[in-house]
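Protein chains: 2
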Amino acid sequence: MAEANTRRRARGGGGAARRAERTAVRIETAKYIERNIPNFEILNEEALEIIEYNAETVLEEIGVNFVDNPAALERWRDAGADVNGERVRIPRGLARELIKTAPSQFTQHARNPEKNVEIGGRNLVLAPVYGPPFVRDAEGGRRYATMEDFNKFVKLAYMSKWLHHSGGTVCEPTDIPVNKRHLDMLKAHMTLSDKPFMGSVTDPSRAQDSVEMCEILFGKEFVQENTVMTSLTNINSPMTFDDVMMGSLEVYARNNQACIISPFIVGGAMAPVSVAGTLTQVLAEVLAGVAYSQIIRPGAPAIFGAMVTSIDMNSGAPTFGTPEASHITYGAGQLARRLNLPYRSAGSFCGSKLPDAQAAYETANSLNMGLMSGVNFMLHSCGWLEGGLVADFEKFVMDADQLGVLHGLAKGVSYDENAQAMDAIREVGPGGHYLGCAHTQANFKESFWKSDLLDYKPFETWEEEGARDTRTLASARVEHLLANYQQPQLDPDKTAALEAYIAEKKASMPDAFT
Amino acid sequence: MAEANTRRRARGGGGAARRAERTAVRIETAKYIERNIPNFEILNEEALEIIEYNAETVLEEIGVNFVDNPAALERWRDAGADVNGERVRIPRGLARELIKTAPSQFTQHARNPEKNVEIGGRNLVLAPVYGPPFVRDAEGGRRYATMEDFNKFVKLAYMSKWLHHSGGTVCEPTDIPVNKRHLDMLKAHMTLSDKPFMGSVTDPSRAQDSVEMCEILFGKEFVQENTVMTSLTNINSPMTFDDVMMGSLEVYARNNQACIISPFIVGGAMAPVSVAGTLTQVLAEVLAGVAYSQIIRPGAPAIFGAMVTSIDMNSGAPTFGTPEASHITYGAGQLARRLNLPYRSAGSFCGSKLPDAQAAYETANSLNMGLMSGVNFMLHSCGWLEGGLVADFEKFVMDADQLGVLHGLAKGVSYDENAQAMDAIREVGPGGHYLGCAHTQANFKESFWKSDLLDYKPFETWEEEGARDTRTLASARVEHLLANYQQPQLDPDKTAALEAYIAEKKASMPDAFT
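From first to last, the protein sequence lines stand for chains Z and V. So in the UniProt record's numbering, spot 250 of the first sequence is number 250, and the numbers just go up one at a time. So in the UniProt record's numbering, spot 422 of the second sequence is number 422, and the numbers just go up one at a time.
Do not take every clue at face value.
If chains are identical, the list can't say which one is meant, so a pair holds when it fits in one copy or spans any two.
[Claimed, not checked] Computed cross-link-like contacts, EDC-like style, restricted to lysine to aspartate or glutamate with a CA-CA straight-line distance of at most 16 Å:
1. LYS457 x ASP312
2. LYS161 x GLU225
3. LYS450 x ASP312
4. LYS445 x ASP312
5. LYS161 x ASP423
6. LYS161 x ASP78
7. LYS494 x GLU46
Bear in mind the hints are in silico, worked out from the structure with no lab data behind them. None of the values given here were measured: they were computed from a predicted structure.
Bound-form chain Z, shown alone:
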């Protein structure tokens, strides 16, 4: 059995190490998941071939729009596409040929090399929620997110064993001007955590700032030769590539940084109401987007993204954890593997307004499907609430605990002599019990996933302790983790250089709030 491969956090100086020993909380980060189980394949060969054929028909006949981006149109024309106004029609086979230079797997470096992640192959890297303008916790209710909230989430992600990645816009710090907040967010990821992180995509200039801050953190040469950021490039489905997202993609690809090319689909609204139709459009969009990244720089890492929800046709609200979203996620995984591209999808998706049973059903459905569909990079893997409008503190630690279940599932089943346990069965025999037998004693510590949150106590004990529900337990855990947070060490010169860079940038432009 590939045992849960956990590593202590990097040792700092002797003082830090001794302080770490004294604390009650062991700060551990699990290794990214290396699947030892099959992927779930829902589409047969015929269905896959039809969808692939149709996607090429979409690119060739209908084409995609590259909006307000004359340079992109010129590049496409040079690459052999038929460009008419902003419409780019891509001859059958061209996009597929162009994407061949994209790597099937790549390393995203963290400033702590022990926390580097391999994105692609059979791996699964878990990152927290991305994008909510609101936060919620049991005590403070729902409110606009601030930088203080952002910092707390970065600390929680750092303290969460099953999170491999610090993510990007964990929530929108709405108290910081919109044209400057990327600087503070990046600083938080760089200084409060040592896990890998994401760059800004809200403007090409902010993507450029992200690259420059990474050059301070990692060194200029290192950044050009290695991938140190992942970035989320959404496609405006159907088939529209806007100048802001593409401008950011151009910056990242040019600098050898990873782009997730991700159609954002609410089925029935931005894509056909059917699964096969949605998959066709998603594939066409991803082919065009990844091909464009390879036109910018052949070999730049690109990820096949699919952010998929279904829709409640009565209200128009997006719905989560539904069977249709699962079908699309499974199918898109197969399409991504056939293109040899890393795959991003799934997450702690839910539509619920509270971290209640609805939220948990929807989230568990999504997380399980994410594991089984072969996702390589799972953004939003914890903390998502209310259709992504809210980053919830309690749900963050609740979901992060469930990510341990995915690690356990992915280990697969060992059948070596120890696992076969024939001696134990002989020792115990009919009518006995295994609690005390030698095999149990030797193996139980490694045998079972253990929640750090959920309640397994007898009813009477649970009642005496206040009959706490999951959210109440999670509130306590949030508090506990933040109280025990210890900042990972960083060269003070680098911190100073980052601060100087940010100060200069902030002074160079007036505040903007829209």
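Got chain Z; can you put chain V on it based on the hints?
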């Protein structure tokens, strides 16, 4: 796409039909699930062969105990086993040979033939929770279950679209003497519902009563020629077959009724702490149990059962929705299919004391695994709480709603011309939207699973309506379903005959409460 195959409840007389039309609640029962998706196969061929070999070694070398059951020992001796005291050692290959007469699929008849279920093959039949001595609801809290609670659950199961089966001991009616409650429970299933149900296993005489009541309901000849009951025969793991369970099995098998042969495993306590070891023991136990049913009556329906939980090694409490339980459930499904036996496992398992997020995570993990592992009969598919000690009213309808997700997932992905939606993609084009297009209008009603419970409303509406969590919504749904319950018609002569039978039985023995 195999559309959700739903059927209106059986039409009664014209008056009943008209009354049914007038009610706000349409009483629908979905057809049992016919999977159009692959099973998830976690074990490779080598692992399967090793486990199968080891299971035969267990049977041959170690054997199983048939306790307080001299007739069983005699039968085993006649069948070729090596019997020593109560220990039955079964030569390699004998059990496998004996079980060949067990059917790979069978029909369980309901008194309403439209609600017959096919157990086996690629099908999945869903039945409610079984066995809890306590019930809970938001208003009344946790309390001992009564016959009134039992009747309510039978009504809720009847009203739940995604439940195909009325189950058995949905809760223990503790206000009825233990030696008589099976009569009232069976009467409830027979008269308050028209879905298929389970017989009593708490004593061979009660199994016999179950058969006789079915003879009244279905006719004596019909019962001998058809399967009208499923029954739950637990094995006392490790490898112990007690006289009560086996006595009941003997009654059912002799009368051609279905037995689930089900090791009840808390991993690390009743089976080895490893997955492969547990699967070995489960397979040995099921082989012995099913073989015994075929010794009683070749051809009697038997189901490969595996009721599996893991254990919290700190407290000894069983844990649910864990990766290890999933591994065992997936593996046991593969073993069952290789024996051509229908498979029973999974359910709405959770350890939580409340229908909160913990309960929902654990349950969703279990339900998803049940679908993917190829389960044919899922007992406990809704309403289970607190490790099975409690049947929870709110969780019953919450879980029952999620069973719709399983129906949707199992449909698989269509890729016919309509599903390919190329005309829609052409019609909408880059930058458009699909909400109003012809393909969406023609297909949206059938395209998405729709919850009858969960909240998809905008935040403001939800807040105005009282910011209700899932449990609060579920309380209202319980009330609504019970208020709209309509009893399915039954020939008054049969009702009278059942009542007379029960009265006579009850009068024939003193009350027993243990």
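We went through each hint and held it up to the structure:
1. LYS457 x ASP312: Intra 39 Å, inter 10 Å, cutoff 16 Å: inter-copy only.
2. LYS161 x GLU225: neither (29 Å within a copy, 58 Å between copies)
3. LYS450 x ASP312: between (36 Å within a copy, 7 Å between copies)
4. LYS445 x ASP312: Close across copies (10 Å), not inside one copy (45 Å); limit 16 Å.
5. LYS161 x ASP423: This pair counts as neither: shortest intra-copy Cα distance 34 Å, inter-copy 48 Å.
6. LYS161 x ASP78: Classified as neither: same-chain Cα gap 47 Å, cross-chain 58 Å, threshold 16 Å.
7. LYS494 x GLU46: neither (54 Å within a copy, 54 Å between copies)
Of the numbered hints listed earlier, those contradicted by the structure are 2, 5, 6 and 7.
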